[in-house]
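Residue numbers (this note's numbering), protein chains in the order written: chain C, 1 to 309; chain V, 1 to 309.
No wet-lab data here; the hints were simulated from the structure.
Computed from a predicted structure; not experimentally measured.
Just so you know, even glycine gets a beta-carbon here, dropped at the ideal spot from N, CA and C.
A couple of the hints might just be wrong.
Here are some chain V residues pointing at chain C (derived, C-beta under 8 angstroms) [unchecked claim]:
| hint | residue |
| --- | --- |
| 1 | Phe-102 |
| 2 | Leu-121 |
| 3 | Phe-124 |
| 4 | Val-132 |
| 5 | Thr-152 |
| 6 | Val-184 |
| 7 | Gln-210 |
| 8 | Tyr-214 |
| 9 | Ile-215 |
| 10 | Ser-219 |
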Amino acid sequence: MASSKDLESSGISSSKIRLSGSSKVFYVICYTVVILVALICLIPFLLLISGSFTSEQWIRFNGFSLWPGEFSLEAYNIIFKTPMRIVRAYGVSILITAVGTLLGLLLTALTAYVISRKDFKYRNALSFFFYFTTLFNGGMVSTYIFYIRYLRLQDSLWALILPGMFNVFYLLIMRTFVNTIPFALVESAKLDGAGEWRIFFTIILPLLKSGLATIGLFLALGYWNDWYNAMLYMKTEAKYPLQYMLYAIQQQTQALAAIASQAGIQVQNLPSNSLKLAMAVVATGPILILYPFVQRYFIAGIAVGSVKG
Amino acid sequence: MIHTKKNGFVAEFKRNKALFAMAAPAIILVLVMQYLPMSGLVLAFKNYRYDLGVFRSPWNGLNNFKFLFSSGTGWLITRNTILYNLLNLITSQLLAVIIAIFLTEIHRKYVKKVSQTIILLPYFISWVVVGVFVFSIFNYETGLINTIVKATGGTPINFYQMPGAWPFIICAFNAWKWTGYNSVIYIAAITGIDDAINEAAAIDGATIFQRIRYITIPSIRPTLVTMILLQVGRILRGDFEMFYQIIGLNGQLYNATDVIDTYVFRSLVTNPDIGMTSAATFYQSVLCFVIIMVVNAIVKRVDEEYALF
């Protein structure tokens with residue numbers, strides 16, 4: 001299994017190699033391209049943060065820039081003056097992320113354990129049952145009609161939780177983690193008279209910590225960033241998760257600005273441009289803060305997932 | 001293992017009752033959320049009536065397909081979906097391979113770590129926020145590009161009235177979002193190379209270009225083939241979240257940017273023509289399935305190692 005540590009240490013041995021002229025050219029290109037791409041990746045974030053701290057007047061007159069032309073907190077003031085919408089959306093996002101991640105982890109771990117049990121006759125059939133959904137699915141229309149008409153998911157928070165709870169990709173990654181646990185542990189526990197459920201909860205789960213952390217983070221990220229299910233199934237604004245609330249506010253300010261400009265009215269009091277960016281900062285903030293600490297789990301997960309299972 | 005006559009399902013169920021119970025929640029969830037909606041694909045051949053539901057609505061043969069393709073929309077969205085997927089596949093994988101090779105060749109730990117962290121960051125950002133980025137960069141009044149254009153004395157560009165610019169913008173943001181993620185996969189493959197091979201090559205006088213050409217690139221070929229196969233299996237699926245957040249409801253851009261998924265979504269929410277949109281998703285699901293089966297069978301015949309399943 002490749003861990004992030006392995007990834008970082010690769011190629012160290014080759015650093016001892018003496019550099020020839022053409023190698024020097026290579027390294028110049030290599031560093032330039034990587035640093036350039038990293039900067040390009042960073043630009044939108046700079047724009048986002050700078051814009052959210054720029055006064056609306058300045059943006060209207062000069063446009064967005066990578067450095068606040070005129071520093072201002074008015075957008076954040078507006079957000080935090082009437083924070084109920086944002087707080088509620090935060091609440092919804094935290095709730096669906098917590099519930100969905102916990103349930104999804106339990107389901108993924110249980111199922112991964114079952115399909116990695118060599119003494120379970122139907123493990124291949126079961127794997128195929130799950131894998132098939134990646135090859136073929138009902139498509140947007142029939143899924144939408146089914147969820148609303150037959151599962152009655154409209155405006156229910158379950159519509160935000162159930163669709164993202166179980167994923168074949170995560171199942172396969174989790175199975176790789178389960179496979180690192182020696183089966184002899186299970187067998188000896190059985191000989192000692194432990195039941196299957198007890199074996200799973202007292203022996204397997206504690207040994208799956210890094211797998212659970214990895215998949216848990218993937219699940220949590222999926223829930224936190226989801227707006228699609230909210231757009232399809234949520235009707236009540238009080239039940240919007242954060243990302244969809246951001247989208248809704250963005251649409252409203254755009255619509256408002258369009259109406260106002262058609263009517264020849266200056267919407268001076270509404271800092272719509274900086275407000276949008278400040279909202280995006282508020283919605284993305286938790287990810288940006290947590291990212292450096294959890295990055296290695298994602299790198300390990302992506303690397304494990306790329307190995308064909 | 002002892003093989004008795006008791007090998008049927010009932011015997012297996014009795015033997016591993018607990019394992020069946022452990023897999024049951026995921027089986028039920030996938031059955032209800034994924035498999036049941038597949039039956040809704042019959043809507044493609046029906047005249048959907050809200051009062052009658054999926055199964056009692058009357059059949060209407062191939063009329064839905066005729067409408068879809070006779071209006072020209074069917075061909076347009078199919079062409080767009082395929083072209084965007086090809087363009088995105090080539091650019092994002094190529095960039096990811098280059099970044100992966102370069103990152104593993106960078107030996108300054110700090111540069112490497114910081115660059116990789118930044119390049120992976122876009123993967124964690126929701127498409128809603130990416131939509132905010134795009135608007136902040138390209139809009140006519142306040143966009144970053146027009147800020148620069150105005151500052152240098154040029155005439156502002158109205159990107160939202162230039163359909164031709166959007167394939168490039170979409171392609172750029174797709175690469176921006178996925179390069180980091182994909183490069184982690186390739187780095188994992190490169191890290192799998194035994195250091196001794198690189199050292200031996202260096203001692204034999206191989207230049208860095210030769211090492212990349214004859215050691216690194218062959219080592220990532222299987223991963224590259226897998227990634228391409230996975231993408232080919234989705235060639236008719238547009239990345240709805242990306243297209244919807246970048247383009248939104250800008251009708252002027254539809255000809256150049258509408259993919260099957262955005263078309264289906266709009267038809268579903270604006271003027272529900274369930275028959276025609278079902279025809280589009282049916283055609284998308286079935287063709288995707290056929291394509292991946294055929295391509296996988298061909299790959300299997302050429303080289304079994306590279307087949308997906």
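Here's how the hints hold up against the structure:
no.: 1; hint: Phe-102; result: 5 angstroms, holds
no.: 2; hint: Leu-121; result: 6 angstroms, holds
no.: 3; hint: Phe-124; result: 5 angstroms, holds
no.: 4; hint: Val-132; result: 5 angstroms, holds
no.: 5; hint: Thr-152; result: 12 angstroms, violated
no.: 6; hint: Val-184; result: 5 angstroms, holds
no.: 7; hint: Gln-210; result: 10 angstroms, violated
no.: 8; hint: Tyr-214; result: 14 angstroms, violated
no.: 9; hint: Ile-215; result: 10 angstroms, violated
no.: 10; hint: Ser-219; result: 11 angstroms, violated
Going through the hint list in order, the structure does not satisfy hints 5, 7, 8, 9 and 10.
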